[in-house]
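**Q** Sequence:
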Amino acid sequence: MTDSDRPIRTRFAPSPTGFLHIGGARTALFAWLAARATGGQFILRVEDTDRERSTQESVKAILDGMAWLALDHDEGPFYQSDRLARYRQVVDQLLAEGKAYRCYCSKERLEKLREEAMAAGEKPRYDGHCRDLEDAPEGIQPVIRFRNPDEGTVVFEDRVRGRIEIANSELDDLVIMRGDGMPTYNFAVVVDDMDMTINLVIRGDDHINNTPRQINIYKALGAEPPQFAHVPMILGDDGARLSKRHGAVSVLAWREMGYVPEALINYLARLGWSHGDREVFSRQELIELFKIEDVNRKASRFDTEKLNWLNQHYLREGAAEQNLVELAWHMDRAGLDAVNGPALADLLSVQSDRVETLVELVEQSRPFYTDFEEIEPGAAKKHLRPVAAEPLAALRARLATVEDWQPDALQAAVQATADALEIGFGKIGMPLRVALMGHGQSPAINQTLWLVGQERSLKRIDQALAFIEARQSAS
RNA sequence: CCUCCCUUCGUCUAGCGGUUAGGACAUCGCCUCUUCAGGGCGAAGACACGAGUUCGAAUCUCGUAGGGAGCACCA
Numbered sequence: 000m001t002d003s004d005r006p007i008r009t010r011f012a013p014s015p016t017g018f019l020h021i022g023g024a025r026t027a028l029f030a031w032l033a034a035r036a037t038g039g040q041f042i043l044r045v046e047d048t049d050r051e052r053s054t055q056e057s058v059k060a061i062l063d064g065m066a067w068l069a070l071d072h073d074e075g076p077f078y079q080s081d082r083l084a085r086y087r088q089v090v091d092q093l094l095a096e097g098k099a100y101r102c103y104c105s106k107e108r109l110e111k112l113r114e115e116a117m118a119a120g121e122k123p124r125y126d127g128h129c130r131d132l133e134d135a136p137e138g139i140q141p142v143i144r145f146r147n148p149d150e151g152t153v154v155f156e157d158r159v160r161g162r163i164e165i166a167n168s169e170l171d172d173l174v175i176m177r178g179d180g181m182p183t184y185n186f187a188v189v190v191d192d193m194d195m196t197i198n199l200v201i202r203g204d205d206h207i208n209n210t211p212r213q214i215n216i217y218k219a220l221g222a223e224p225p226q227f228a229h230v231p232m233i234l235g236d237d238g239a240r241l242s243k244r245h246g247a248v249s250v251l252a253w254r255e256m257g258y259v260p261e262a263l264i265n266y267l268a269r270l271g272w273s274h275g276d277r278e279v280f281s282r283q284e285l286i287e288l289f290k291i292e293d294v295n296r297k298a299s300r301f302d303t304e305k306l307n308w309l310n311q312h313y314l315r316e317g318a319a320e321q322n323l324v325e326l327a328w329h330m331d332r333a334g335l336d337a338v339n340g341p342a343l344a345d346l347l348s349v350q351s352d353r354v355e356t357l358v359e360l361v362e363q364s365r366p367f368y369t370d371f372e373e374i375e376p377g378a379a380k381k382h383l384r385p386v387a388a389e390p391l392a393a394l395r396a397r398l399a400t401v402e403d404w405q406p407d408a409l410q411a412a413v414q415a416t417a418d419a420l421e422i423g424f425g426k427i428g429m430p431l432r433v434a435l436m437g438h439g440q441s442p443a444i445n446q447t448l449w450l451v452g453q454e455r456s457l458k459r460i461d462q463a464l465a466f467i468e469a470r471q472s473a474s
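The first sequence begins at 0 in numbering that gives the first Met the number 0 and counts up by one.
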């Protein structure tokens, strides 16, 4: 068995200091795919050792985001805050073995050290002042530092970046436990990944620099380090790092904007990963084809236009059941009730290839569920003119007799009316469209009639005729 | 300053020593057409730069430039 098909046991380990943003979501997706593709496991772990910034709401937001994207986990969620005793135990072990030590340095001293190093044009590092301290000062709650090797080089083979090596002389003795007894990130990850027998750590490439320190800790613990795969980050469409300025920071904000999860999954997967020339992949195909080695190294920009294209694709050709769930959610949000108009499945079948998002779909479908206040002036002026009165009246009479209110019959009715009056389809189609919708854009006219429904269609034609009448007598 | 990472059309990417450098989104044009869409056809558009290695480099090596990350009792 080669590296690329060995079952991957990996995890997604967000810190609950915000929502699940697009970059985190993609890292989670890659980890999830890697696990699913190899028949391995995907574990969810919440890194909440930062008491100041971690919140329960964030935990919920992240779980909700994962659920919406249907990135299910096999184990967890585990919380680092539940594992404090374990970290303490490992720290004690390192302390007993002389691989870690208590440090009593004040923040002031550390600050001074940093400033001096900067001033001297050097990289700020802890100087090891407390490494071999004889007598401990009284009354100071020490932090615990890891005794990093002074010599040698840390080398690892990254599954996406290739070989990376850093000299130990570049590293210093990092704090692994704070004064208050909480472990720090670089230490907790190692203990957790070791305990959870993670064999491939998949994370953002901003962690490359942390990896050598962590490998040293694994070694000090006598553990075999896992493999690593550092995936590139996602930039905003302006090339700058993703931030609140870019709008949709939370994946759930994309839901609100009318995107369906399969589209976002497909888009995110193709951002930084590819399989030949293909663009469209179902979730199942992604699982079959994904290999972590095929992820590229370059940071990529988020392109909403391409997401829009994929979203439309999935609206049209994706699983209808899923789309209907999302559509219902948006209808509800827009204050529209499906009982007042066409079935959502009919609506979706007609509108899905005309819009890019569900928000657009719902907005453009309002007239099917609720009456409009006024006819858009431009459209009225152009299409609801006196010449339109006769065709509309004739059509109204014919439509009133239609028994089977279905697209085919409706198409025939409109065509027959046009033929009888010897006018082109457009002469009757546009006035009708404006009468039915209140403006000039809608699906094909027979489908529009179908969705508006018979009773409402007749009513709106009457309304339009009255409008033409009123305008005529006013002038 | 230092350490590490990155660099193919505007964007996402294919490419693993020999290709007219391919595809997709976006853009532009034409066709289809009862509106808007959609669909069809087509156009334009890239190897950051400079040296090597080689019969031959987008592909290998080294520089340069530009971007990013890290240097916390944040993760």
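Treat the hints with care, as some may be off.
Said to hold, decoys possible - Below 25 Å or equal to it, Euclidean Cα-Cα: the simulated SDA-like pairs (lysine to any residue) are: (1) Lys-381 x Gln-446; (2) Lys-106 x Met-193; (3) Lys-59 x Ile-207; (4) Lys-218 x Ser-168; (5) Lys-106 x Arg-130; (6) Lys-98 x Lys-59.
Hint data in this document are derived by calculation from the structure and do not stem from the laboratory. Predicted, not measured: the structure shown is a model, and the values here were computed from it.
**Q** The structure should be examined with respect to each hint, and the outcome stated for every one.
**A** Going through the hints against the structure:
For the hint pairing Lys-381 with Gln-446, the CA-to-CA distance comes to about 22 Å; that is within 25 Å, so the pair holds. Of the pairs offered as hints, the one joining Lys-106 and Met-193 is violated, with about 31 Å between alpha carbons and a cut-off of 25 Å exceeded. Restraint check: the Cα-Cα separation between Lys-59 and Ile-207 comes to about 28 Å, which exceeds 25 Å; the hinted pair is violated. Restraint check for Lys-218 and Ser-168: satisfied, since their Cα atoms lie roughly 17 Å apart, inside the 25 Å limit.
The straight-line distance between the Cα atoms of Lys-106 and Arg-130 is roughly 17 Å, inside the 25 Å bound, and the hint therefore holds. Between the alpha carbons of Lys-98 and Lys-59 the distance comes to roughly 38 Å, so the proposed pair goes past 25 Å and is violated.
Hint compliance for this structure: hints 2, 3, 6 are broken, all remaining hints hold.
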